[in-house]
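Chains F and D are the protein sequences, given in the same order. When you read off a place in the first sequence, starting at 1, and then add 250, the result is the number in the numbering used here. When you read off a place in the second sequence, starting at 1, and then add 250, the result is the number in the numbering used here.
There could be a bad hint or two in this list.
Partner residues are not named here, just some residues of chain F that face chain D (Cβ under 10 Å, in silico) [stated by the list, open to error]:
no. : residue
1   : Glu312
2   : Asp324
3   : Val339
4   : Asn428
5   : Arg431
6   : Ser442
7   : Gly471
8   : Asn473
9   : Thr482
Derived by calculation from the structure, the hints in this document are not laboratory data. Remember, it's a predicted structure, so these values are computed and weren't measured experimentally. Heads up, the beta-carbon is just placed ideally off N, CA and C, and yes, glycines get one too.
Number of protein chains: 2
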Amino acid sequence: MSVSIAHLGPPGTYAEAATLAYIRNLAVEKGSKSLLCPYPSIAQTLYSVAQEQVDLAVVPVENSIEGSVAITLDLLWQLDTLQIQQSLVLPIRHALLSRASTIETIKTIYSHPQALAQCQQWLEKFLPEVQPTPTNSTTEALHYLDKDHTAGAIASERAAELYNLPVLASAINDYPDNCTRFLVLGKQPSTSGSHTSLAFSTPANVPGALVKPLQVFAQRGINMSRIESRPTKRSLGEYFFFIDIEADASISSVKAALEELVSYTEILKIFGSYSVLSI
Amino acid sequence: MSVSIAHLGPPGTYAEAATLAYIRNLAVEKGSKSLLCPYPSIAQTLYSVAQEQVDLAVVPVENSIEGSVAITLDLLWQLDTLQIQQSLVLPIRHALLSRASTIETIKTIYSHPQALAQCQQWLEKFLPEVQPTPTNSTTEALHYLDKDHTAGAIASERAAELYNLPVLASAINDYPDNCTRFLVLGKQPSTSGSHTSLAFSTPANVPGALVKPLQVFAQRGINMSRIESRPTKRSLGEYFFFIDIEADASISSVKAALEELVSYTEILKIFGSYSVLSI
Chain F
251 MSVSIAHLGP
261 PGTYAEAATL
271 AYIRNLAVEK
281 GSKSLLCPYP
291 SIAQTLYSVA
301 QEQVDLAVVP
311 VENSIEGSVA
321 ITLDLLWQLD
331 TLQIQQSLVL
341 PIRHALLSRA
351 STIETIKTIY
361 SHPQALAQCQ
371 QWLEKFLPEV
381 QPTPTNSTTE
391 ALHYLDKDHT
401 AGAIASERAA
411 ELYNLPVLAS
421 AINDYPDNCT
431 RFLVLGKQPS
441 TSGSHTSLAF
451 STPANVPGAL
461 VKPLQVFAQR
471 GINMSRIESR
481 PTKRSLGEYF
491 FFIDIEADAS
501 ISSVKAALEE
511 LVSYTEILKI
521 FGSYSVLSI
Chain D
251 MSVSIAHLGP
261 PGTYAEAATL
271 AYIRNLAVEK
281 GSKSLLCPYP
291 SIAQTLYSVA
301 QEQVDLAVVP
311 VENSIEGSVA
321 ITLDLLWQLD
331 TLQIQQSLVL
341 PIRHALLSRA
351 STIETIKTIY
361 SHPQALAQCQ
371 QWLEKFLPEV
381 QPTPTNSTTE
391 ALHYLDKDHT
401 AGAIASERAA
411 ELYNLPVLAS
421 AINDYPDNCT
431 RFLVLGKQPS
441 TSGSHTSLAF
451 STPANVPGAL
461 VKPLQVFAQR
471 GINMSRIESR
481 PTKRSLGEYF
491 FFIDIEADAS
501 ISSVKAALEE
511 LVSYTEILKI
521 FGSYSVLSI
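Chain F with its partners taken away, still in its complex shape:
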């Protein structure tokens, strides 16, 4: 049996590292083969699994410094058919890659906007004159290094090895505890695990409309580990809420909470229960 897994490519991205760790650690059954399918954007990665071109997709959902990945939350809400199979927490260690002889000769710095943001203070300190230039992925930033020896890129040390590029500085992220959480998504129902994710919209402009849904969990002692609001895209000031709770949807108190939640929400979507793996 072979399992195909979509992720943001090309090879060398953090999404690929998370996918490889997922394959190594569990879930893909022993003896089965796995096929990595890199896609050029997070949106295309998610469409590929929704349209069943692949079995699973691994996408970033949250970074400890930069916060939520909006496109992932928005498409989970819109696509409506995906279930969370697993959550993966990957430590992020950014390196400065370049064919320049020294850091001082670098004139341009390329990377994904999240990576640039995560190294902002380091860049201001060591390369204050250099204008950061965003790219679609950390790997895409590497394309500039061979033709231009005054260019630098922020990517992982694994990417440096993979593309045979020199590392001029390591661990340049401003906060050492930099982690990204990825979700493994598929169409199979996700029925057990330590965490459950859901999203809902509330009736508009009702004072306290968000309090009732949150009370449903609080009064049962169910901890909410995360809440994120995203615009519904209808009009400014209308949101849906994405919530993670630290409990399994199959236990009776959570079942009761989810049933009660229906009466306080407009649209309610449950993305399943899953476990969290730190890699």
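Based on these hints, arrange chain D on the given structure of chain F.
This is chain D only, laid out in the frame that chain F set:
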């Protein structure tokens, strides 16, 4: 008297349009002069007012499609000395600018990541083969058009006029109700207006830690128009919450709510009361 106002530049950005509307419509007293100061990033715009190099700063805080502007929320929380003087809602109408003879000859498309995201469906329909390339501002995207006649940029029609560039398509944003909300920030205390903004962190890992702060407003019938969580950057899963309420902090029920809030929060910051202007 002259008032200096920082904004994301160069001229032609939506931030500049919001700043000009603010000057035209109110607040800057009649007879006083205003000086626009463009900065290369939102962060530098905010530092300039925090360090008193300018009197005011105009920065985007939220878009109806793409959601919050993370850097604005994070710096408001960190800088700790800024008060919201006014909120401005600006309709966003994106245009496709290019020196290409027809849309079909465009090979690359440049713009700020938020603008690219807001025109994603239009781009997939009319320019499916073209890879979008991010830039630091919508105006920066225009730099490519003169040297490369197969390049296109997404920016405002005002930018097209300002830089004398042809408009190949108008109103290309996927959602017609596309608005961005800007904040006018300064160091003067903001004591009255229809809206009040605040942010707080809660004691970690207490079930229902967020419910109590929200109840403080709900039980007084004070409507919360927005809640946004941002990572504290200490460790994954620790957040601060940014909240807008539809009430003036000087009325007694709001005063009482804010006093009660102190006991349910870890750190509490109040950014003042202000009015909302649609432009």
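A quick look at each hint next to the structure:
1. Glu312: 7 Å, holds
2. Asp324: Constraint on Asp324 of chain F satisfied, holds at 8 Å.
3. Val339: 6 Å, holds
4. Asn428: OK, holds: Asn428 of chain F within 10 Å of chain D, min 9 Å.
5. Arg431: 6 Å, holds
6. Ser442: Since the shortest Cβ distance to chain D is 21 Å, the answer is violated.
7. Gly471: Check passed: Cβ of Gly471 of chain F comes within 5 Å of chain D, closer than 10 Å.
8. Asn473: Constraint on Asn473 of chain F satisfied, holds at 4 Å.
9. Thr482: OK, holds: Thr482 of chain F within 10 Å of chain D, min 9 Å.
Consistency with the previously given hints fails for number 6 only.
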